[in-house]
Structure formats: structure tokens, C-alpha cells
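Just so you know, the sequences run in chain order A and B. Each residue of the first sequence is one higher than the last, beginning at 1 in my numbering. Each residue of the second sequence is one higher than the last, beginning at 104 in my numbering.
Treat the hints with care, since some could be wrong.
[Said to hold, decoys possible] Below, a list of computed lysine to aspartate or glutamate pairs in the DMTMM-like style, where the Cα atoms sit at most 20 Å apart:
| id | chain 1 | residue 1 | chain 2 | residue 2 |
| --- | --- | --- | --- | --- |
| 1 | A | Lys32 | B | Glu377 |
| 2 | B | Lys469 | A | Asp39 |
| 3 | B | Lys385 | A | Glu86 |
| 4 | B | Lys385 | A | Asp66 |
| 5 | B | Lys485 | A | Asp50 |
| 6 | A | Lys29 | B | Glu377 |
| 7 | B | Lys469 | A | Glu86 |
| 8 | B | Lys405 | A | Glu86 |
| 9 | A | Lys29 | B | Asp315 |
| 10 | B | Lys390 | A | Glu86 |
| 11 | B | Lys526 | A | Glu86 |
| 12 | B | Lys446 | A | Asp30 |
| 13 | A | Lys29 | B | Asp380 |
If you are wondering where the hints come from, they were derived from the structure by calculation, not from laboratory data.
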Amino acid sequence: MGRKIIEMVDVIRSKNAGPYEITFDLIFKDFKSYQEVRDAGVITRELIADLYRITPDQIVSIINFDPARAIKITIIRSLSAGAVGERDVYGAQQHAPLLGIEI
Amino acid sequence: MEELRILSPTAILGYGFPEESFRRGLAQNPQLIAVDGGSTDPGPYYLGAGVSFTDRAAVKRDLQLMIKAGKERSVPVLVGTAGGAGGRVHLDWCAGIVEEIAGEQGLSLKVALIDAEFSKEEVIENYRQGKLDPLFPAGEITIKDIEDSSRIVGQMGVEPIIQALQEEVDVVLAGRAYDPTVFAASAIKAGFPAGLALHMGKILECASIAADPGSGSDCMLGRLKNDSFILEALNPQRRCTITSVAAHSLYEKSNPLRLSGPGGTIDLSECRFEQLDQRQVKVTGSKFIIAKDYTIKLEGAKMVGYRTISIAGCRDPIMITQIEQIMAGVKGMVKDNFTGLRKEDYRLLFRIYGKNGVMGSLEPVKEFKSHELGIIIEVVAKTQQLANTICSFARSAMLHYGYPGRVATAGNLAFPYSPSDFKAGQVYQFSLHHLLKVEDPLKYFPIIFKLYGKGVGR
Chain A
1 MGRKIIEMVD VIRSKNAGPY EITFDLIFKD FKSYQEVRDA GVITRELIAD
51 LYRITPDQIV SIINFDPARA IKITIIRSLS AGAVGERDVY GAQQHAPLLG
101 IEI
Chain B
104 MEELRILSPT AILGYGFPEE SFRRGLAQNP QLIAVDGGST DPGPYYLGAG
154 VSFTDRAAVK RDLQLMIKAG KERSVPVLVG TAGGAGGRVH LDWCAGIVEE
204 IAGEQGLSLK VALIDAEFSK EEVIENYRQG KLDPLFPAGE ITIKDIEDSS
254 RIVGQMGVEP IIQALQEEVD VVLAGRAYDP TVFAASAIKA GFPAGLALHM
304 GKILECASIA ADPGSGSDCM LGRLKNDSFI LEALNPQRRC TITSVAAHSL
354 YEKSNPLRLS GPGGTIDLSE CRFEQLDQRQ VKVTGSKFII AKDYTIKLEG
404 AKMVGYRTIS IAGCRDPIMI TQIEQIMAGV KGMVKDNFTG LRKEDYRLLF
454 RIYGKNGVMG SLEPVKEFKS HELGIIIEVV AKTQQLANTI CSFARSAMLH
504 YGYPGRVATA GNLAFPYSPS DFKAGQVYQF SLHHLLKVED PLKYFPIIFK
554 LYGKGVGR
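All chains should be built: construct the whole structure from the sequences, respecting the hints.
This is how it looks when you write it as C-alpha cells:
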């Protein structure tokens with residue numbers, strides 16, 4: 001189909017979920033878009049592992065949340081927030097690779 | 104009680120709020136004014152070093168408006184995770200501000216202070232008894248990790264706050280507290296369902312971040328009923344929408360269906376969001392599932408060294424293509440020059456903005472085309488002096504590094520500042536992220552009552 005995810009969402013963001021995880025939220029414009037992406041099964045561990053150059057075991061969960069028409073992805077931080085060498089204490093700027101997803 | 108109205112002025116005490124929004128909230132006669140004072144989000148430094156990440160004057164400004172309004176209306180003012188990290192030193196810092204306000208404003212305030220700091224001995228004792236479990240994905244720890252921690256706090260549940268509210272208090276300052284608790288405690292005390300009370304608290308703790316357009320510095324009102332709650336953004340330029348409120352239920356949590364906290368889990372799997380009018384959203388179906396064991400999340404931070412950084416830019420296209428080799432070369436020069444140092448004595452890091460400064464190993468873009476780079480040379484060492492020394496050497500080595508094909512032989516770096524190096528002081532990292540099983544939710548959170556201001560003998 002080749003639809004761009006950025007045209008289907010209101011929100012794509014990243015943030016700490018505690019100091020040891022980063023969580024990504026994709027919140028869709030309407031339930032139909034959400035349903036389409038959810039049912040297409042494109043947001044997979046393999047896709048996220050590929051986008052972030054991580055192994056699938058570093059992905060904690062991918063959860064569909066119907067009440068918010070949202071898909072939530074959580075990954076393990078390689079360094080806890082604020083540890084020496086860490087780059088994004090709030091984890092708020094790790095979302096960019098998700099912007100290019102196509103359905 | 105049929106309805107409990109809670110006014111949340113701002114996302115974090117000290118982030119500010121428009122007085123007009125606050126007045127609109129007061130006009131609806133809230134029975135509680137509550138605010139979240141902190142977070143682990145700003146990182147381990149503030150917990151470890153015992154300082155607030157919010158500014159004192161800004162915190163005082165917010166508290167003064169809240170306390171004066173609360174006192175005029177006989178409505179309690181609650182602050183969770185006082186002082187930003189919720190340790191004893193943070194709580195005392197916040198209490199000092201309240202005392203100052205009482206004195207300056209001629210108010211007489213009865214204040215409850217709830218301590219959330221743990222002694223290392225208490226934590227070690229519990230560790231030995233097997234009552235401490237790492238909270239995934241944090242790893243196992245040893246007694247030494249506990250001993251090395253500079254400060255350890257526990258996230259209290261609603262119980263200590265309910266206990267404090269048994270007395271006629273004007274202000275409750277809680278040390279480290281699970282974010283929704285200062286909003287949910289009086290509701291649960293009054294008999295409202297815990298699931299709705301805590302879910303509303305989870306949203307109110309960030310105030311108008313849950314509105315559209317979002318802001319961390321604006322007010323939100325929550326109305327809790329027995330079967331639902333309603334959220335209203337108090338600035339007419341913002342509104343609560345299903346998306347903004349539902350989105351916020353996801354915020355900062357790994358699993359939106361089940362939000363774990365002290366004593367149980369908020370279950371949102373059957374939760375429904377409904378747009379009531381242009382600016383209000385109604386929420387139903389949030390449940391609370393009581394856990395078999397009551398657990399408290401412990402947070403600790405330990406000191407790992409001292410930091411010095413130098414900030415520079417590079418605009419030379421020949422150097423930009425060789426930046427990896429130049430960084431490796433400078434690291435080699437440092438090693439050669441300071442042969443007496445061991446590997447664990449210091450760490451030298453380069454952050455290259457324009458290449459992978461933000462994402463590091465997670466960065467999928469490997470071919471970068473930036474015409475300029477921002478460079479941070481960073482050293483973390485066992486003493487400040489050593490950090491200064493290594494940073495200074497690495498900075499001058501990089502400035503004059505002779506790479507192949509170099510034509511700009513006067514210097515490789517543009518420094519925006521003189522002095523070029525900045526001492527950033529102590530560096531901390533999180534050392535504890537564990538769940539502690541407790542039999543009594545009140546045990547580790549002692550409450551003391553203080554009288555501040557007018558009519559108080561000194």
C-alpha cells in the first residue's frame with residue numbers, strides 16, 4: 001500500500017519509562033488508521049530491531065492500546081538515564097527512525 | 104461525597120502557571136490543590152547530590168499562590184516528591200520555602216512532612232531477608248552497591264498521605280511519592296474507587312501536558328465521581344481531547360494496560376474515554392487490582408566520578424570526513440601522555456553532534472552530510488583535578504591534531520567560549536531500581552507535623 005505512517009498519526013514520540021527503558025508512542029488520528037496498522041502487523045520486533053540496530057531481545061514489548069488508538073513500543077536502554085556516556089537523559093529524542101515507517 | 108474536585112496547577116512544582124488559569128480553577132471550588140514536585144527524569148544527579156532540579160525562586164512563586172489560595176478557602180495543599188527527588192534533604196529544602204512563605208505572608212500553617220528516605224542499614228537488612236527484587240530491566244545488586252549509594256528513597260503509596268490527612272493540616276509535603284498519590288489519597292480516604300482516583304492522579308500529575316496544545320506550565324482540573332472522572336484544561340486556549348488524555352495515560356509507562364504502583368496495579372484494559380464537550384473528557388472503567396504483596400519502589404544513586412567538558416565546533420570539510428580517526432588519535436595521545444593512569448581512573452568521550460550525538464549506537468543514519476559538527480569533549484575521572492587535566496590535554500591535542508590532507512594548520516576547533524573547559528562537578532548514576540516487599544505501607548514513611556508562621560513561638 002505504501003502509506004506513510006506520519007500521515008496517519010497525531011503523535012510519534014519517545015520518553016523514559018523509568019531510568020532503564022525508553023518507550024515509544026504512536027497515536028493514530030482515527031480508529032480506522034490505528035486498526036489498519038494494528039491489523040497489518042507491520043510494527044514488529046523485527047522492524048524495531050532493524051530501525052534501531054538492536055537485537056529483538058532488547059525490545060521489552062509492543063502493545064496495542066485500543067482506548068487510545070495507540071501502539072506502544074518499549075526498549076531497554078543500553079545505559080541507564082544519566083549514566084556516563086548516555087546521550088538523552090529524558091529519552092525524548094529517540095523517535096526519529098519511526099517517522100519513516102510505511103504501511 | 105458525590106464529587107471531588109482537584110486543582111493541579113502545574114506539571115512540576117516550579118514550572119509555573121498563569122494566574123488566570125489558576126483563578127478559573129479556584130472558581131470551581133476545588134476541595135484539594137495538589138502538585139507533583141519531582142521525577143527521576145532529570146537523571147540521577149539530583150537524587151545523589153541532594154539538590155533540586157527546579158529553581159528555588161520559581162518553586163516559592165508557585166507555592167505561595169497555592170498556599171495563599173488554599174488557606175483562604177481552607178483547602179489542603181499537597182506536594183508529592185518534594186524538592187524534586189524526594190530525599191530528606193529535598194523535603195527539608197521545600198519545608199524551608201513553606202516556612203518562609205508563612206513568615207512573609209503572615210500565615211499560620213500546620214504542615215505535615217512525610218519522610219521517604221531509607222537508611223542503607225534498612226535496605227541492607229531487607230536485602231539480606233530477600234525482600235528486595237530488581238525491577239526489570241535493572242540487574243541484580245550486591246550489598247556493596249547499596250553501601251556505595253549516596254542516597255536511597257522509596258516511592259510511598261497513598262497510605263502515609265491518608266495518615267497525614269487524618270489531622271487538620273494546611274500543607275502536606277511528601278518525600279518521594281508515586282506520582283498519582285497526592286491526587287488520589289484524599290479521594291481514596293473519602294471512599295472513591297481507587298482505580299479511578301489513581302488514574303485521574305496519573306493524568307493530573309502532569310497538569311496541562313495532557314491537554315491540547317500541551318503545556319507543562321498550566322492548570323488542569325479533575326472532577327472525580329463514583330463511576331467516572333472528568334478532566335478540564337483551565338486555560339481557555341487549551342482543551343482536553345480523547346487523544347490528549349488517552350495519550351497521557353500512556354505517558355512514561357511501558358505498558359498502558361497495567362500501570363504498576365505501590366500496593367497494586369491500575370488496570371486500563373476496559374477504560375473508555377468520551378468527549379463531553381469542546382474542552383472536557385470523561386473517563387470510565389479504570390480499575391485497581393490489589394497486589395498479593397505490597398511493594399515499594401526504591402531508587403538510589405551513587406557517585407561515579409567528576410566531569411569536565413569542553414565544547415567546540417568544526418567547519419572544515421576535510422576534518423569532518425576523518426572525525427572517527429581523529430577521535431581515536433586523540434585518545435591514543437592521552438594514553439601515551441599519562442602512562443601512570445589506569446583504565447578505571449578516567450573515561451574520555453567525544454559527542455559529535457551532526458553525526459550521532461543524539462542517538463549514538465541507536466542511530467540508523469550512518470552516512471552524514473553535515474557541513475559542520477558540534478563536538479563535546481567529555482572526561483569523567485576519579486577526581487575533579489584529573490578530569491580537568493585530561494580534558495585540557497585532549498582539547499589541545501584535538502585543536503592541533505595533524506590529520507592527513509590537513510590544510511587549515513592554525514587550529515581544528517572553533518571554541519565559542521573562553522574559558523573553553525567547564526567543570527561539571529560530581530557525576531552520579533542510578534544504583535537501585537528495586538521493589539521492596541513491605542508488610543506495612545506506613546512503616547518506612549514517618550510523618551512529623553510542624554507549625555510555621557504567625558503565632559508560632561520560636
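Okay, the hints, checked on the actual structure:
no.	hint	result
1	Lys32(A) <-> Glu377(B)	17 Å, holds
2	Lys469(B) <-> Asp39(A)	32 Å, violated
3	Lys385(B) <-> Glu86(A)	40 Å, violated
4	Lys385(B) <-> Asp66(A)	16 Å, holds
5	Lys485(B) <-> Asp50(A)	38 Å, violated
6	Lys29(A) <-> Glu377(B)	16 Å, holds
7	Lys469(B) <-> Glu86(A)	19 Å, holds
8	Lys405(B) <-> Glu86(A)	16 Å, holds
9	Lys29(A) <-> Asp315(B)	14 Å, holds
10	Lys390(B) <-> Glu86(A)	37 Å, violated
11	Lys526(B) <-> Glu86(A)	18 Å, holds
12	Lys446(B) <-> Asp30(A)	54 Å, violated
13	Lys29(A) <-> Asp380(B)	19 Å, holds
When held up to the earlier numbered hints, the structure conflicts with 2, 3, 5, 10 and 12 and fits the remainder.
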